[in-house]
Amino acid sequence: MRHLAVGAALIAAFTAISQAQLVPSPPVFVSDTAPPAIDRGVRDLDPPRDPQGDAAPALADDEPFLRGSVIVKFRPGTTPEAQRALLAQVDGQAPRAPSYADFDLVAIDRGADPEAIARRLAAEPDVAYAQARYRVFPRFRPNDPEYPRQWNYPAIDMERAWDINPGAAPSVTVAVIDSGVAFRAGIVRYTARPFRFVSNGVPGPMFRALGAIDVPFAAAPDLGGADRFVAPRDFIWDTTTPLDLDGHGTHVAGTIGQSTNNGVGAAGMAFNVRIMPVKVIASLWDQIFGSPQMGTDDVVARGIRYAVDNGARVLNLSIGRSGSPAPAVREAIVYAVSHGAFVAVAGGNDFESGNDVERLAEFAPDVDGMVAVGAVGRDRRRAYYSNTGAYIELAAPGGSSRAGGTQGEILQQTLDFDLVETYTRGPAAYQAPRFDAFTYQFLQGTSMAAPHVAGFAALLIQQGITSPAAIEAVMKRYATDLGAPGRDNEYGYGLINPRASLRGLGLAK
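Counting along the sequence shown from 1, when you hit position 64 you're at 215 in our numbering, and nothing is skipped either side.
It is possible that part of the hints are untrue.
As the list claims (entries may be wrong) - Label pairs and their calculated CB-CB ranges:
id, residue 1, residue 2, range
1, Arg271, Thr230, 18 to 26 Å
2, Arg247, Ser475, 15 to 23 Å
3, Leu656, Ala363, 53 to 61 Å
4, Ala320, Ser504, 35 to 43 Å
5, Asp365, Pro636, 53 to 61 Å
6, Asp260, Ala363, 28 to 36 Å
7, Ser350, Arg226, 37 to 45 Å
Since the hints were made in silico from the structure, they are not lab data.
Positions of the beta carbon are idealized from the N, C-alpha and C atoms, including for glycine.
Given these sequences and hints, build the entire structure.
See the structure below:
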């Protein structure tokens, strides 16, 4: 996961105080055209971004879940009457089944503890599982001129892998389940509400409401044209235009499928694949603009099912959370692999802050075709932030500012954070953002490691290894062993080795 440019003092909480003062309006495309994208070159961030922070501020009360509703899955055969009787015990409302979901959302009193309600419901024989709606956060030789800065590809012998398989094929679709992707241009009208940050329970100064503003967007120049993108979907705003108001998803998409050997910018792992942007994370700007969803387990689960049902063969989840287990997401991932989709998940960035279990990755050893990915730096040692544990199955380059400074991180094109994160200037200088300017940014995190595995999976699919379980088996068999001999809790089965895997399949070139 990468840490947004929201400073550490701002990360603790965000209060959208205007809910009773200003009714948010849904975003409206006022124009399908915009000025050409602005390329602002390579940005070396100083100091390097800390990958351990959440990508969006928490709620004002610092709670990791949303109040007012819980996720419930009833067992088959439970009658509506039985459901109503059970929910009446916790003052729950009639269940509502969202699209692309195999569970219900049940409204409860906002003053009730959703964790306690979920535990009580989960103990009932008619309930398969119940959980609070936990918030989920992002986890951080071609002729492309910035390729020499991309140490991550030589670290996994990618150049010789490209000699064997030059970038997969458009027949393979990879879903980027994230904050959206900069995939289209336009002018979008939003309503920006007043807000304040809360740090350690102390509210900061008020940021004024900007009201109705027209915001420019552009497609990332180095991701290719519009035909690269298929079946886009936004589960935060419930639209088909999953615009990236953060930059995380665009950076991740670049590692998977950045246009390569085109004399422009940087390179991507599987540069011929199609990309399916699926937005399940609400950025800070989404929240300021009044997004109806925040990015919770149920939203992620729906995004996973949508991607599979619309043809994605590989799913990348550079997102995660701690807290209680995530049965809704687990069930959705099991659905994905059972329907032929391979899943790569970020392994977590919390090693130095307690090494909390990454709840969206912890069940990877139990699901063939799902891989939890740890991060290494350019020295091929575990990155200082990368979680360890029995669920880490493979390692990939995620970058480490402690092994080469900023340039020891992962370089890709994404939004220009200076023009996006204007709230870091303070209430007086804060202004409307722009999403039409791009730079090549160095970021670090298991968010940056997972898309290497997703891109690698796309290469294997084109070579005929189509079963998710078989893809995982090939990756593990030919991984470069690091750390203690054999599988270990730091690197899993080792660092991915695409060339060795392709050679092992009899495709040496």
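(message) To test your reading of the hints: which numbers does this structure violate?
(response) Per hint list: zero violations.
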